[in-house]
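Just need the whole structure built from these sequences, with the hints factored in.
Taken in order, these protein sequences are the chains called A and B. Using full-length UniProt numbering, the first residue of the first sequence is number 1, and each one after it goes up by one. Using full-length UniProt numbering, the first residue of the second sequence is number 1, and each one after it goes up by one.
Careful: at least some of the hints might be erroneous.
Unchecked claim - Simulated restraints, written as ranges between beta carbons of each label pair:
id, chain 1, residue 1, chain 2, residue 2, range
1, B, 55, A, 48, 49 to 55 Å
2, B, 144, A, 191, 50 to 56 Å
3, A, 468, B, 113, 36 to 42 Å
4, B, 92, A, 285, 41 to 47 Å
5, B, 110, A, 228, 56 to 62 Å
Read the hints as simulated data drawn from the structure, not as lab findings. Glycine residues also receive a C-beta, built at the ideal position from the N, C-alpha and C atoms.
For reference, the chains in residue letters:
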Amino acid sequence: MTSTLTRTAPRDHAGRLSGRLVLVSLSAPLTPAALFALSLLVTGGETNLQILITLGSLLLTGLIVGGIGLSRLATTHYRITGDRFEVSAGLLFRSRHSIPLVRVRGIDVTAHPVHRLFGLTTLRLDTGGQGAAARRAVRLDGVTKGQAAELRRLILEGRESGHAADSDGVISELDRSWLRYAPLTVWGVGSVLAAAGTVYRTLHEMKIDPLDLGVVQDLVRRFGSVPLWFGVLVTVLAVVALGVASSTLTFIENWSGYELRRAEGGVLRVRRGLLATRSVSMEEHRLRGLELVEPLPLRWAGGARLNAVTTGLGDRDENRRRRVLTPAVPRAEALAVAAQILPPTDPAGRELLDGRELLGRRELAAHPRVARRRRAGQALTASVLIAAIPAGLGLWLGPGLVTTGAITGLVLVPVLTALARSAYHSLGHAVRGRYLVTSYGAFARRTVVLRRDGVIGWNITRSPFQRRTGLLTLGATTAAGDGIYRVRDVSVNEGLTLAEIALPGLLTPFIERHP
Amino acid sequence: MDNVRLRPPRNRVEGRAIGWWSAQAAVFALPLPLTFGILWASIPPTRELFMWFTLGSLVPGLLYLAVMPLWRYRVHRWEVTGDAVYTASGWLWQQWRVVPLSRVQSVDTLRGPLQQLFGLSGITVTTASSSAVSIKGLDAKVADELVAYLAGRTQAVPGDAS
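Have a look at this one:
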C-alpha cells in the first residue's frame with residue numbers, strides 16, 4: 001500500500017477556502033438583477049411599487065449573501081495538526097472548531113449547481129455526537145475538488161481504524177437500464193402539481209394573471225368544446241406524462257455517476273448526482289443492518305431499493321436522506337449488493353448467512369389470520385369514512401354529491417381491500433443468525449434485517465383490537481436508522497418468544513408462563 | 001410451547017395522578033364546549049345550531065374526562081430491577097417498554113406546572129435510540145430517589161450504551 005509513505009510523513013496540512021468563491025459571491029446578487037431586467041422586458045418597461053419592493057429586497061438579500069460569502073472567504077482557515085482537524089471562521093462572531101480525527105464519523109462532499117459551475121465543493125465532517133446539528137457537523141463551504149479529495153484522504157488516514165482495508169472496490173455502479181424504474185416513483189405527479197403552483201405564484205407576484213394569458217385562454221376554450229370525459233382523460237394523461245418525465249429527470253439528476261464502493265478503512269461510500277454531486281461515507285462498523293424497500297409499482301416491475309440501517313448519519317431526517325445505498329434497481333441487483341455488504345463470513349471466520357439470504361422471503365414466519373382481518377377491517381373503515389364525507393355533505397347540499405360518495409365508496413372498497421391483502425402478505429419475521437428480520441408494509445413493503453446485538457430495548461404496543469384478538473406489535477429499539485423497527489401483529493406467544501430468542505434474558509423476568 | 005404473557009410491572013403510579021390526568025383532560029376537552037355554550041347563550045338567532053354544537057362537543061368531552069384518568073391509573077405501572085427499567089402506559093392503546101440499564105444514557109426529571117400542583121414528577125430514561133421511556137405521575141420524592149438509584153446503577157452496569 002502506498003499510504004505507508006504518507007503515514008510517516010508529517011501530517012500537518014493547512015489551507016483556506018478557494019479564491020473562486022469571489023466569483024460565487026458576485027453571482028449571488030446577479031440573479032435578482034436578472035429577474036428585474038426580465039420583468040421589465042415582460043411588462044414592457046412599466047413597473048410599480050410592489051415589483052420594485054419585491055425585487056429590491058431580493059437584490060438586497062443577494063448583496064448580503066454575497067457579502068457573507070466574501071467575509072467567509074477572508075476569515076476561514078483550516079488545518080490538520082497531528083490528530084485533530086481545526087477550522088476557524090467568522091468576522092463578527094469568531095468560531096473555532098477542533099475535532100479529533102478519530103471522532104469523525106462521516107465525510108460528505110456535496111456541490112450545489114453554482115459551486116459546480118466554478119469547480120467548488122462543500123466538505124462536511126460529521127462527528128455524530130448528541131446535541132445541536134451545528135455542533136455535530138463542521139462544514140467547509142467552498143473548497144476546490146482537489147482540496148476536498150486531499151482533505152478526505154488525510155482525515156481518513158489520520159483516523160485510527162481498527163479495520164484492515166481488506167477489500168477496496170466497487171460494489172455497484174450505475175446501469176443505464178435502471179432508468180426504466182425511474183417513472184415508477186410516485187413523486188412525479190406530485191412534483192408536476194407543485195411546479196404548476198410555483199409558476200402560478202411567480203407570475204402572480206410579477207402582476208401577470210396566468211388565467212389571462214393567451215395560451216391558457218385557448219386551452220380553456222378547447223376544454224369547453226370537447227366532451228367532459230375526453231377533457232378529463234386528456235388532462236390526466238398530460239399530468240401523468242409530465243409526472244413520468246419529471247421523475248425520470250429527477251432520477252437522472254440524483255443518480256448519474258452513481259457508484260457504491262468499499263473504500264479504505266472499512267468505509268462504504270456512495271457517490272451520485274449530476275448537477276449537485278453527493279458523496280456519503282458510512283463506516284461499516286456502525287452498520288446495524290439493511291433495509292429493502294419495495295413500493296407497489298416498483299414491486300410489480302421487480303425492482304427494489306436498498307438502504308443502510310446505521311448510526312452516525314446525523315438526526316432522523318438526515319439519516320433518512322443519507323442512508324440510501326442504491327437507487328431503484330432490479331431486486332436481484334439489490335440483493336447482490338446486500339450480499340456484498342454483509343458477506344457470508346464474519347471477521348472471526350465463522351460461516352454466516354449473507355445479505356441476500358438474510359433479506360430473502362423464504363421461511364419468514366407468517367402472521368396469524370387475525371392480522372389479515374385487522375387490515376381488511378381498516379380498509380373497509382377507511383373506505384366508508386372517506387366516502388361518507390361527500391355523501392354527508394350531499395344530504396345537505398344536494399343529491400349530486402351523494403352519488404359521488406357512493407361511487408367513491410364503490411371504487412375504494414376493492415382497491416383498499418386489495419392493498420390490505422398485500423399488506424398481510426408482506427408481514428413476516430424471523431431470527432436468522434445474528435440478525436432479527438421483519439417485513440411489513442401495505443404500499444411500500446419494507447424488509448429490515450437488524451443486528452440482534454444492536455437492539456437496545458423492547459417497545460410492545462397493543463391496540464384495543466389487538467388485545468381482544470391476542471396480538472401485539474413488538475418494537476425493537478436501536479441507535480441506528482429509524483430508532484425503532486417493528487414486528488407488527490404477531491400473536492402474544494410468538495412475539496414474546498421472538499423477543500426472547502432475539503435478545504435472551506432482557507424480557508425473561510417480566511414474562512409469566514402458564515400451561 | 002407454554003403460553004406466555006407479559007406480567008404487569010410491580011408498582012402503580014401515585015393515586016394523585018388521577019387528579020392530574022383529570023385536570024389535563026379538562027384543559028383539553030372543555031374549552032370547545034364552553035365557547036359554543038357562550039355563543040349559544042349570547043347570539044339568540046343561532047340558538048338551535050349552537051345548542052347542538054355545545055352538546056355534541058360536551059358529551060364526548062365528559063365521557064373522556066370520566067373514563068380516561070381511571071383507565072390510565074389501572075394501566076400505568078413501573079418497575080426497576082437490577083438490570084432493567086420496565087414500564088406500562090396508555091389506556092386505549094397500551095405500551096410496555098423494557099430498557100436494559102446498560103444502555104441508559106441519561107435520566108431526566110420533568111415537572112410541568114400541573115404536575116407540580118399535584119406534587120407529582122415524571123422521569124425520562126433516554127437511550128441511544130430516539131424512543132425514550134418515561135414514567136409519569138410519580139411522587140416527587142420517589143422520583144428523586146429513582147433518579148439517584150438509576151444514575152448509580154447505570155454507572156455500575158458495564159456497557160457502552162450504543
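Outcome of range test on Cβ distance (residue 144 of chain B, residue 191 of chain A; 50 to 56 Å): Because 53 Å falls inside the window, the suggested range holds.
Distance restraint hint 56 to 62 Å, applied to the beta-carbon atoms of residue 110 of chain B and residue 228 of chain A: At 59 Å between Cβs, range holds.
Hint check for residue 113 of chain B and residue 468 of chain A - Cβ pair distance inside 36 to 42 Å: holds, 38 Å
Distance restraint hint 41 to 47 Å, applied to the beta-carbon atoms of residue 92 of chain B and residue 285 of chain A: holds, 42 Å
Hint check for residue 48 of chain A and residue 55 of chain B - Cβ pair distance inside 49 to 55 Å: Distance hint for residue 55 of chain B, residue 48 of chain A holds at roughly 53 Å.
Comparing the model with each numbered hint stated earlier shows that all of them hold.
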